[in-house]
Structure formats: C-alpha cells, structure tokens
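Visitor: These are the residues of each chain, in order.
Protein chains: 2
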Amino acid sequence: MASDETLAATAVHAWKMNLERAEKFFLGLSEDQLQKEVAPGKNRLIYLFGHLIAVHDYMLPVLGLGERRHPELEDAFLTKPDRAVGELPTRAELHQCWRDVHDTLRDQFARLTPAEWLMKHTLISDEDFAATPLRNRLAVLLSRVAHINSHLGQAALAPK
Amino acid sequence: MASDETLAATAVHAWKMNLERAEKFFLGLSEDQLQKEVAPGKNRLIYLFGHLIAVHDYMLPVLGLGERRHPELEDAFLTKPDRAVGELPTRAELHQCWRDVHDTLRDQFARLTPAEWLMKHTLISDEDFAATPLRNRLAVLLSRVAHINSHLGQAALAPK
Chain A
30 MASDETLAAT AVHAWKMNLE RAEKFFLGLS EDQLQKEVAP GKNRLIYLFG HLIAVHDYML
90 PVLGLGERRH PELEDAFLTK PDRAVGELPT RAELHQCWRD VHDTLRDQFA RLTPAEWLMK
150 HTLISDEDFA ATPLRNRLAV LLSRVAHINS HLGQAALAPK
Chain B
30 MASDETLAAT AVHAWKMNLE RAEKFFLGLS EDQLQKEVAP GKNRLIYLFG HLIAVHDYML
90 PVLGLGERRH PELEDAFLTK PDRAVGELPT RAELHQCWRD VHDTLRDQFA RLTPAEWLMK
150 HTLISDEDFA ATPLRNRLAV LLSRVAHINS HLGQAALAPK
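Line order of the protein sequences matches chains A and B.
If you count by the working numbering, then the first sequence holds residues 30 to 189, one letter each, in order.
If you count by the working numbering, then the second sequence holds residues 30 to 189, one letter each, in order.
By construction, these hints were calculated from the structure, which means they are not laboratory data.
Since we're looking at a predicted model, the values are computed, not measured.
Mixed in with the good hints, there may be bad ones.
As the list makes no split between identical chains, a pair holds if one copy fits it or if it spans any two.
[As the list claims (entries may be wrong)] When the alpha-carbon atoms are kept at most 27 Å apart in a straight line, the in silico DSS-like pairs for lysine-lysine are as follows:
1) K149 - K65
2) K71 - K149
3) K189 - K149
4) K45 - K149
5) K189 - K53
6) K71 - K53
7) K65 - K189
8) K65 - K53
9) K189 - K45
All chains should be modelled from the sequences, with the hints used to inform the complete structure.
Guide: Here is the structure:
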C-alpha cells in the first residue's frame, strides 16, 4: 500500500472503530434506557442517537456523495433541541435509519481514493478552499469522529 | 504538497483544532469552576483537565518521541479516579504543565514525515503491527482527538 493510501485508510479505520463503539452503545439500549437523560435536565439518549444519525446522514451531501437518506430526522434531531418535537421515530425505525445511513457511507467511503479525500467538501467555497486546503473531505470525516465521541462521552454519564 | 503530506497535515490540523477548543475551555476556567462536577457525582472539571494533560504527556513515549515531561500527574489523574488523591496541583501548575506538554508535542509533530506517522507506536508488538499496520502513530493521534472530545462533551454539561 502506498503511504497516501495507508494514511487515508488509517483515518477511515478511526471512523469505523469509533462508529462501532457508538453502534454497540446506542443499538444496545432498551426503550426505557433510550428515555434516560445523560444528566439531569440534559439531552435524552434517544436524542443523541437520532442526532448522530441525522448528522451522519448529512455527510452524504457535505462530502458530495449523494442526497440525504433520511431528511425526515432533521426537525427532531438536528434543527430543534430535545423534547421540542412530540412524536419521535420508534426505536426500531431509528435502528433501521442507523443501518441505512452507515451502510451507505461505508459503501461510498470504500470507493474514495486518497486524492478524493483531499478534495473540497460542499460547505466551503472554492476561494476559501484554495486558501485553506486542509479543510477537505478528510477533515470533515475527522470532525465527525470527534463529534461521535463528544456525545459518547456524555452518553457514558447516563444512569444505567 | 504531495498527497501523503496533505493527508498527514489534515490529521495534525484536526488535532490542533480540537486541542485549541480544549485549551480555550480548560485554561479559561476559574478556581471555582474547576471544582464543578460535569454531572452530580461525576468527575470534576479539574480532574478532566489534569487527565487530558497526563494522557497527552504519555503520547511522547507511546509515539516514541521521548520521555514524559510530568510523570508526577499519573497518580492523581490517570491511575486513580477523581477525589482519590487529596492534594492536587494548583491551577497555575496545571496551566504550566498543559503548555509544556503541548509545546513539546507540537515541536515533535512538526518534524514527523508522513512515512514516520505510519510507523509503529510503542504499545504494539512488531508481530501485531505487521498484521495490522493501520495501528500506527497516526491512529494514536486520531484516538487522542476522539478522547479530547469525549471529555469536552462531558465538560460542556457542567453547570456554568
């Protein structure tokens, strides 16, 4: 493997490892556990679960890899805070969305070459990207790895 | 810049960006704020602050870049849980340790070539590394980026 391929593969592997930790945690929660708050008055686990799906779904258009699969999650889990939307998707629906979004991302990521990871994403202008080429697709991936962990760290505080 | 250089630079940039967020948060806390818990009965902010310094200090030997600068932090912030050690370093001492550890890491990282980021770290055997070359120095860096965010996500829950 050429060094650029190994570098890109290392980053994609970090995404996979952290995603697996999140998957093991959130897909393992019961209905009751999903209703628990990470701390008194803070987000419920179901909100963090749906939020991760919605944010990862948005990676498709942000990385220029396609349309979102589940734009219906935006209102409840992205635009609005927890408890602002009365009826949330069921646990089974969220499991299905999780798998659908991440299967799609996995298939797309498997096709990207190192050079393609270094291309611009759709949230940055041509001008800004020319000035700051480190704000590339790989940077988005690493930012999402960080984001997963931000919420996994919080989720670990919830009562068992 | 060759693509392997840009890939490695993107990862180091992600480390820098996340570290800056942590620095802005923890170095901005007053003595009183450092004593706050992230949630009732959970770690205090001073523990997370010292813990990040101790974990990052350990990156020097883990990455084969030198000895730890502040092994005296291990007992209070790494081996033992919060409140197990009676007397902690002062806020000023922790600020000094933070700067010292991260200045050292920054200088070391600036010298590493892409190929050197792909070398094995010291926590993995030659045999295991031959089988799983993605467990390289860069993977350690990305793991620490995730770790920062895990605790920053918790820290954001603490009362202001």
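Visitor: Against each hint, give a clear statement of whether it holds in the structure.
Guide: To see whether the hints hold, each was checked on the structure:
1. K149 - K65: neither (39 Å within a copy, 41 Å between copies)
2. K71 - K149: Close neither inside one copy (35 Å) nor across copies (41 Å); limit 27 Å.
3. K189 - K149: Neither way: K189 and K149 sit 42 Å apart in one copy and 37 Å across, limit 27 Å.
4. K45 - K149: Classified as both: same-chain Cα gap 22 Å, cross-chain 20 Å, threshold 27 Å.
5. K189 - K53: For K189 and K53, the Cα distance is within 27 Å only inside one copy (15 Å; across copies 32 Å).
6. K71 - K53: both (22 Å within a copy, 23 Å between copies)
7. K65 - K189: For K65 and K189, both the intra-copy (9 Å) and inter-copy (22 Å) Cα distances are at most 27 Å.
8. K65 - K53: For K65 and K53, the Cα distance is within 27 Å only inside one copy (17 Å; across copies 30 Å).
9. K189 - K45: within (25 Å within a copy, 34 Å between copies)
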